[in-house]
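Enquirer: Sequence:
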Amino acid sequence: MTIDPGATHVAELCTTFTQGADVPDWISKAYIDSYRGSHGDVREAPETSRVNPNALVTPAMLSAHYRLGQCRPNGRNCVRVYPADDPAGFGPALQIVTDHGGMVMDSITVLLHRLGVTYTAMMTPVFMVLRSPTGELLGVEPRASSTSHSIEGTWVGEVWIYIQLLPAVDSKSLAEVEQLLPRTLVDVQRVAADAAALNATLSGLAADVKTNKEGHFSASDRDDVAALLHWLGNGNFLLLGYQRCRVHYGLVSCDRSTGLGVLRARTGSRPRLTDDNELLVLAQAAVGNYLRYGAYPYAIAVREYDDGGDGGIIEHRFVGLFTVAAMNADVLEIPSISHRVRAALAMANSDPIYPGQLLLDVIQTVPRSELFTLSAERLFTMAKEVVDLGSGRRALLFLRADRLQYFVSCLVYVPRDRYTTGVRLQIEDILVREFGGTQVEFTARVSESPWALMHFMVRLSEGAATGSVDVSEGNRIRIQAMLSEAARTWSDRLIAAAASFSEGSVSYAEAEHYAATFSETYKQAVTPADAIDHIAIIKELADDSVKLVFFERKADGFAQLTWFLGGRSASLSQLLPMLQSMGVVVLEERPFTVARTDGLPVWIYQFKISPHPTIPLASTANERELTAKRFSDAVTAIWQGRVEIDRFNELVMRARLTWQQVVLLRAYAKYLRQAGFNYSQSYIESVLNEHPSTARSLVALFEALFDPSPLSSSTNCDAQAAAAAVAADIDALVSLDTDRILRAFASLVQATLRTNYFVTQKFSARSKGVLVLKLDAQLINELPLPRPKFEIFVYSPRVEGVHLRFGAVARGGLRWSDRLDDFRTEILGLVKAQAVKNAVIVPVGAKGGFVLKRPPLPTGDAAADRDAMRAEGIACYQLFISGLLDITDNVDHATGKVNAPPQVVRRDSDDAYLVVAADKGTATFSDIANDVAKSYGFWLGDAFASGGSVGYDHKAMGITAKGAWEAVKRHFREMGVDTQNEDFTVVGIGDMSGDVFGNGMLLSKHIRLIAAFDHRHVFLDPDPDAAVSWAERQRMFDLPRSSWDDYNKSLISEGGGVYSREQKAIPTSPQVRTALGIDGEVTEMAPPNLIRAILQAPVDLLFNGGIGTYIKAETESVADVGDRANDPVRVNANQVRAKVIGEGGNLGVTALGRVEFDLSGGRINTDAMDNSAGVDCSDHEVNIKILIDSLVTAGKVKVEERKHLLESMTDEVARLVLTDNEDQNDLIGTSRANAANMLSVHAMQIKYLVDERGVNRELEALPSEKEIQRRSEAGIGLTSPELSTLMAHVKLALKEQMLATELPDQDVFVSRLPRYFPKPLRERFTPEIRSHQLRREIVTTMLINDLVDTAGISYAFRIAEDIGVGPIDAIRTYVATDAIFGVGDVLRRIRAANLSVVLSDRMTLDTRRLIDRAGRWLLNYRPQPLAVGAEINRFAAKVKALTPRMSEWLRGDDQAIVEQQATEFVSQGAPEDLAYRVAVGLYRYSLLDIIDIADITELDPAEVADTYFSLMDRLGTDGLLTAVSKLPQNDRWHSLARLAIRDDIYASLRSLCFDVLAVGEPDESGEEKIAEWEHISASRVERARLMLAEIHASGEKDLATLSVAARQIRRMTRTSGRGSSG
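Read in this note's numbering, the sequence shown has 1324 at position 1324, and its numbers run on one by one without any break.
Among the hints, a few may not be true.
What the hints assert, rightly or not - The calculated lysine to aspartate or glutamate pairs, modelled on EDC-like cross-linking and capped at a C-alpha distance of 16 Å, are:
| # | residue 1 | residue 2 |
| --- | --- | --- |
| 1 | K1247 | E1260 |
| 2 | K1438 | E1498 |
| 3 | K1203 | D1189 |
| 4 | K1005 | E974 |
| 5 | K920 | D818 |
| 6 | K384 | D417 |
None of these hints come from the bench; they were simulated from the model.
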């Protein structure tokens, strides 16, 4: 671009130059083509090195550069510094315009580097410019076009330099650049301008020296110097300046006019360089220099005697730099130096130890600048010392003080393998320190020789004199020793440190290995002494193990943590959360890795950490040591997965707790959260961290209570003191929330009964990081109702769980739960049902559940993921089981003695009965549980978990489904449907691979399954063939694994199919719509909608064999149900159109949903009742195994016989179990039929259970008093689900009450024990059965089941209420009545007769009336408490003997009534003998009076019977008694009135019999005796008979008339009739 020289408007020129559109491309390209990247040691530089040069060439930058170079008068250097905040907008930056020359760029970069100023980009375009005489810019052309210019004039090359600096450049350094850069550029210009003159001066001086004959120096010396000067001028010395100086009387003055280059303007006095005998001297100049490579220049002085005769001396002084060629020149070819080298080598010729070539090799390494100062002798001596160094592991030092008094030259030899940057820096520091230096420059030479040579020029401080610098031999040796130490490598020190350890923890070979293996970064960070400790740790590391070393520094409050990992590495993202959870901040992190001698890789992580400001630092060395151990132990445990990552870990430092103690507090917090505690875990963590002393007190209380081997023997006192400390801490609190939280912790500790915290056995759960707490739930106010009697909480980072028991002997399944946040809520809901379900078996209710806290991460391989999840589930199940056993008592098989678990302090009584069962997710885990129990030597053996490989396989037996099917059959029988012989429609929940559903759908070949679903599929078969579909279901059931998708689609009826629940929509054919009762216009439905339609289908049976809650009450919300997974498919019970719901699975319907379904006309029990066969079978298995194992121990059964014996009894066990189901279903069935009549009694019974037994109406879904009143007015009784629940609670209460007495130990009760066991055991081992470990519980269970199932739900309650006795008295009377009258046999015959429900219910109720009346008689007329065995002995045989003659004694209406009932029973299908036995039942009740009267009167019972029944006929009492039975019983008082009238009639009849027998003769018939009695008592009898006749004639049979009638009969008597034979 050419600029008009006539232009006068600078602003216009500037505008033209800087407008982007007008700037020629070649200008921008010149900048871009000259771009250089960044340089410097600043860490940020690499990140900023990738600068886009196009982005730098902006109009603003070009404009600014133009303004800077617009005018250069007299060749002035233009420099502009732009700070970061400069308005130009491109700072920080430098812009320079200067002459184009060879040293410009080198000098600028040297200056920037020296001042620590880093640039990110540099552009150095060279232009040919034309300037006016005043320096104004007239033209700019590309450098390439300099041969042809459009304007005449002198064109010169200029370099326009643009340097972009690092944004964070130091402002002070930038100011220095601004000051020094112009000076440096001036020096560059001067050197360039005087280059020719400098070379000419040097050449001329060389010639003069050679020809000068003044005689002061020898010709050889002159020749050497002349040759040397020629050599220097021949490209070996870069001349920077020259000055001619005169030495006169010791003073040196410089002739300014002779100055060239950098010395052009130098003035003032200078020190003398040469002495009289020195023609040439080389010295290091102290002049600062930034030219070329920026080293301090050398000064070469050549002495000349002035010819003027005044004795003056001239010193020709040159300054400059040796070139690279000079520094590498052969010493034998350098003039002057070569003579001395050859002389030194000549000295070696006489000494074979030092061959010349070896010495020459050494001399060749000496810096050439040093060789100018060394004599031949000195060279020889130095070379020998270097040769002597050989392979020694030390340093060699040579010192020389420079004659100008500014520098000390230090030659340092070290073994080549010892030379590192670190070593060099250490040596620098030593030399600068020892000589008081201010700066140091160095060069280094590392070749193939054994040594590395470093040459240091130490710049002395201002004012230092050469004589004051100690370069003596002694000081040299002293400093040399220091350098030798510095030259010792880290590896040397490591090996030495290993040798110095007396215990020899690290061998020499190991030290050598690690010296070579540790990285340089490790060596820089870790001292050899610390490395020895590290190696000792590394040696002990196992593969996949960890070790931590924590060191708290007192001085600065920081700490260092060294983390060793064997065989695996870790990312910072893994480690940081662990450390942060400890309450520390990580300030620095340095990772290292090393290979062990056996090849195991070890990772080492060093952290500089600082505790949170609120965490106090340890104040003493001992405290620091303890803190270090606690901290490292805790972090190790976190890494190993034994401790969770949360703020509880801060308590290690805040409260000075061990990680185990922290785990304890965390476990209590986790339990509180499961209990529904209102405070979040994070808030609980904060509270404990804010009150560390209370946290310590809580732990102290726990340890005082449970430490099995405390330091103090006064454990009780320690516990009291600890409790007082906790209470004091809490009482001092101000915050209510804090008070509640800490008080909850204190109550949990006090409620803890046992723990495995102190257990140390290797096989224990505790050894695997599992903490177990057994709690008295009744003492924990934070728990919701109901509260179990015992609760065990199992905690670990891997698994958590609870086990709830409602009694000492309890059983229930263990569930693999997926409800991590509220599994206790789930288990509590299940255990309520379990408690009710267990009413039929020996143990009371229990339930357990566990969750996986660290499930395997998905891999994308579904099969592998399933296997991994199952494996983890099994492992966690084993830990859970093991945890339970850690704190459970054991029983000695030989002695029966209960032994406490080792190292467990018990704050409760013996507790050895622990059994578990399968549940959701654990159906196949029984063998696993038994293996765990076996490892503990647990006394129950494989009875611990029923259903294992040696035991009863519930699925193979189909026992749960068969039990549920008994309920189904009973419901259908009540509707007049025989499920085993008539087709009926079904919809179901489950699939054929399931135990309950699969077995259930095979229990009748008349099932027409029109629809079913599970979690995977929906099955639709709108019009199935019952037989065909049954066969296909059987095939699927027999498959190892199956789903509905395996169903043979060709067998599905038209319109049906199998569909995935993942489908968006499922087609609904007309056939499906008809079968399911779906609106005719719906052609497809989303799977959830279709499932709801299935649940609402108008079918005969809805059979639930799945998992989940699908039906609720309309009044319940989805939140009330607590089963979110099935919220989309759930329906209300009043929407269900099935006639019957069979509950093979648990919780398929909510408790309120069942009641709603029943009240809506459906038929349903409870899940607890329907599927109780499973738990019943398990209970039989456990008790049978306990017996057999005792027989094995006693040698009465061989070990190898055990399995066969168990298997041989499978069918009979199933029969025993199903009998219980049949009994309960018959009980509930008859109760349903009579529910409305019994509502008032049931209401009182419920109130008693609520008031006295703690039953919660709402939790148990029992009706409120208001609801009972409503039903009473509506003529409705309790629903079937309510009756089932009531029955269960009645049984549970009676069992508990009976177990608290001696009844289960009495022979009359124990005699029924063998019937619990299968025949093979009864026949061979009856004596052993009677000594069963659980004989009391089994006897109690059998008896209470018999009592309630036989006598009815309200029997014991009514007996106790009506007569004012206790439930134990009712139990006694039942046992006596049953034995006396054979009631159980009668009821079993009724069931076996396969009668209609109506008939069987009627016959059952009639039989129960006998039980009621006989029981009351025994309580009224026999001594109390009833001697059951004696009463049975007194009455049973006689009743049995008299019963067959009842037909002889009954007369008139009584006989007619019995015959009529018997005939009616027979007509409905009852066998004749059974029909008569039931029909005559109430009359048999009178045999008690008859036998008692006979005993009192000492008459033949047959005679008494004839008289007694004659009286009944004569007085017509049966009619009165029938009328009494029909009286209403709306409330308790009406019921009691009925009973009183009945008792009065029977009592009067008894008295009259005494009177009649007293007047009659033995050989008279009953009628004859009565006639004689009437004659004797005519007036009394006649009055009564007239009144009775009037009552009969009136037809009124209300309470009043019947009371009068009873009174009239009583007036006939003359004796009390109340006596007993005793």
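Enquirer: Taking the hints in turn, state whether each one holds.
Expert: Outcome of the hint check:
About 13 Å separates the Cα atoms of K1247 and E1260, which keeps this hinted pair within 16 Å; it holds. A hinted pair counts as satisfied when its Cα atoms are at most 16 Å apart, and K1438 with E1498 qualifies at roughly 14 Å. Restraint check for K1203 and D1189: the C-alpha separation of about 11 Å stays at or below 16 Å, so the hint holds. Of the supplied pair hints, the one linking K1005 and E974 is violated, its CA atoms being roughly 20 Å apart against a limit of 16 Å.
Taking the CA atoms of K920 and D818, the gap is about 10 Å. The hint holds against a cut of 16 Å. Restraint check for K384 and D417: the C-alpha separation of about 21 Å exceeds 16 Å, so the hint is violated.
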